[in-house]
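*Asks:* So the chains spell out like this:
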Amino acid sequence: MNNPYLPYPVRIESIVTETEDRNLRTIKLLFLNPEDEEKFKYIPGQFAELSVAGLGEIPIGIASSPTEKGFLKFTVNKVGKVSSHIHNMQPGDIMGVRGPLGNWYPWDLLEGKNIVIIGGGFAFTTLRSSIVYMLDPRNRSRFGEISVVYGARFPGLLLFKEELAAWEQRDDIKMHITVDSTDDPNWKYNVGFVPAVTKQKAPDSENSYAIICGPPIMIKFTLPVLTELGFPPERIISSLEMRMKCGIGICGRCNLGTEYVCKDGPVFTLEQLSRLPNEY
Amino acid sequence: MREVYITKEKFPDVVGKLMNQHRVFGPVFQGQYHEFAELKASDEIDLTYQNTRLSPKGLFHPHSERMFQFSLAKGDPEAGIVKEAPKDYSSRLILGMRPCDAMAFRLDDVNFDTTTIKDPWWTRRRATTAIVGLGCNQPCRSCFCTSVGTGPFDPSGLDALLTDVGDGFILQAITEKGQELLDGISDGGPVPAAATEKATQLRKSAEAQFVTQFDPKALAEKDMLELFNASFWDEVQFSCINCGTCTFLCPTCWCFDIQDEVCEDQGDRIRIWDSCMFPLFTVHGSGHNPRSQKLQRVRQRFMHKLKYYQDKYHDGVACVGCGRCVKYCPVNIDIREVARLMTATCVCPA
Ligand SMILES: Cc1cc2nc3c(=O)[nH]c(=O)nc-3n(C[C@H](O)[C@H](O)[C@H](O)COP(=O)(O)OP(=O)(O)OC[C@H]3O[C@@H](n4cnc5c(N)ncnc54)[C@H](O)[C@@H]3O)c2cc1C
Ligand code: SF4
Ligand code: SF4
Ligand code: FES
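As they're listed, the protein sequences go chains L and Y. Following the working numbering, the numbering of the first sequence begins with 7 at its first residue and continues without gaps. Following the working numbering, the numbering of the second sequence begins with 335 at its first residue and continues without gaps.
FYI, nobody ran anything at the bench for these hints, they're computed from the structure. Where a beta carbon is used, it is the ideal one built from N, C-alpha and C, also for glycine. None of the hints are false.
When the alpha-carbon atoms are kept at most 20 angstroms apart in a straight line, the in silico PhoX-like pairs for lysine-lysine are as follows: (1) K194/L with K180/L; (2) K417/Y with K452/Y; (3) K205/L with K180/L; (4) K167/L with K180/L; (5) K205/L with K226/L; (6) K47/L with K452/Y; (7) K452/Y with K45/L; (8) K45/L with K417/Y; (9) K119/L with K207/L.
So these bits of chain Y aren't anywhere near chain L, every CB distance computed over 12 angstroms: (10) G365; (11) R460; (12) D517; (13) D568; (14) D668.
Take these sequences, add in the hints, and give me the full structure.
*Replies:* Spelled out as structure tokens, the structure:
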């Protein structure tokens, strides 16, 4: 059996600054040993530990989709020791990836259902993975209507801008991009907070699931809207963040009651969360 | 399985011979307390001890352990690649561990050795180590093993069991590993009838000294959120100073941190014991801390031991009643009291 703590060596292929404030960068990684890519079979919603020898590891959601072969992508917010270092790394540098870790969005349950994705901030990364996955020609017919509400404080903070624009053009996904405010006269999309936009644009809750990831404040004000729209707690799905180390349910750091967020999560339904201590 | 009688005179010889075949560890008096250590000489082992202050968990899960190593040397084509570190997995024998501590490792196994994920270091050490227990003739006042499903002579976590019957030891094999060990001991003789009788007596009198402190099953039946939200935590946490002593001494507290350490251009990834009693344990990079309050941390420790573990694995509580946390807590917080509060059917208004 492989050592579950040992990262696969990877090389940074490219680093892209995503946002105007330069706090979010997307790194694209290639496995040094091609056979490691075979072992790293992931499903949208999972995360990995990014390892920098000498500094440590950080848990980061996988932003690429398994339908995109040959590389992995992660979008890293500049916070502290490891994430700041990654921001300063260069293409060609060697680092490590350990995973895939955690559970994933419940794709078998989502089959045949309408899906509304609600995201804000950098939590949009695993949602990007999910959207790319669902829009893949081999997968699109498995799902009903797909709507996306994605908010940022101002346009310069939106992630994956080119992809957003491309999805806007498609008729098999309904995009509702919004910003809290903007003085850009050419801004084509919504202005307003995510909860309000969700209220206007979310599909009928009948036969639908909602996946919501974002800052706590956004989640707090959007959940009542979803409830009002008729989404029961077992059809509202979210992904949690906790401080993590091992990522495999052994070091004891990330529990919510009986559940280890790294192994039993990070994806939970609201119904599951209602039965756990709210220590997150 | 077989049993042999070893006189106290012969015992050091037996230990000496075992030391030729294995790395042998046992309770050794160091400074003010007994600790488990690798024996350098056969007479170092002190089986008159009551129990060690630190639990023997470090024999399987060291306080700090190098997980991996790496080079950061400029020009090294392997620089930045994290690699396995060499370790000694030669056969080990632990002599004289208390049955409760050995049982604790079985409780820890469910964490380190699962069907899907196996901690490589824990599992290898478990596989290459034999444990010979020492029955407790005289339990201490802070112990409560019989309340949590084990006991002073419980063989469940052991490969063999030693009983001190005065002039000698009875050594009983419990597992195959223990049987092999006995087969290799030539200095033992048949167990005299008087010794067997003495052992039975000792066991009975030891067991009779315990009073049932609380009922783990009653904890299993309680609602998790009801316990979580109970008002008594405020009282429990009041005097705690969050020193972490309880978690460091406990044989079933396994939480650890992972850190990288660099010296010049070589580095190690190490794991070190950590404690849910410390605020840094859960703080996010953003500063947000889901357990910023002392109450939350104290509650986490007791809820994990007595409730979450039990609800997750359905096999009793994560406590073997060794009493270390009771004995060494500087402010006398007593897990037995806490368990009683948690199982009380009616919490009367103050
Ligand atoms: C499942 C999951 C998915 C995540 N996905 C993303 C993502 O896609 N993009 C992104 O930018 N961030 C993500 N985060 C948050 C990210 O892990 C932290 O911002 C990061 O660990 C901060 O590390 P640092 O070394 O820069 O900060 P420091 O404050 O210097 O942290 C030191 C150490 O503390 C731990 N730590 C600190 N904060 C956190 C935290 N919030 N979560 C877990 N461990 C922490 C790490 O082990 C880190 O090495 C995710 C967290 C989780 C749990
Ligand atoms: S909780 Fe206390 S009594 Fe129970 S095993 Fe740990 S140290 Fe011993
Ligand atoms: S030993 Fe006592 S004071 Fe120290 S952390 Fe544990 S309960 Fe608190
Ligand atoms: S991060 Fe170690 S248990 Fe979850």
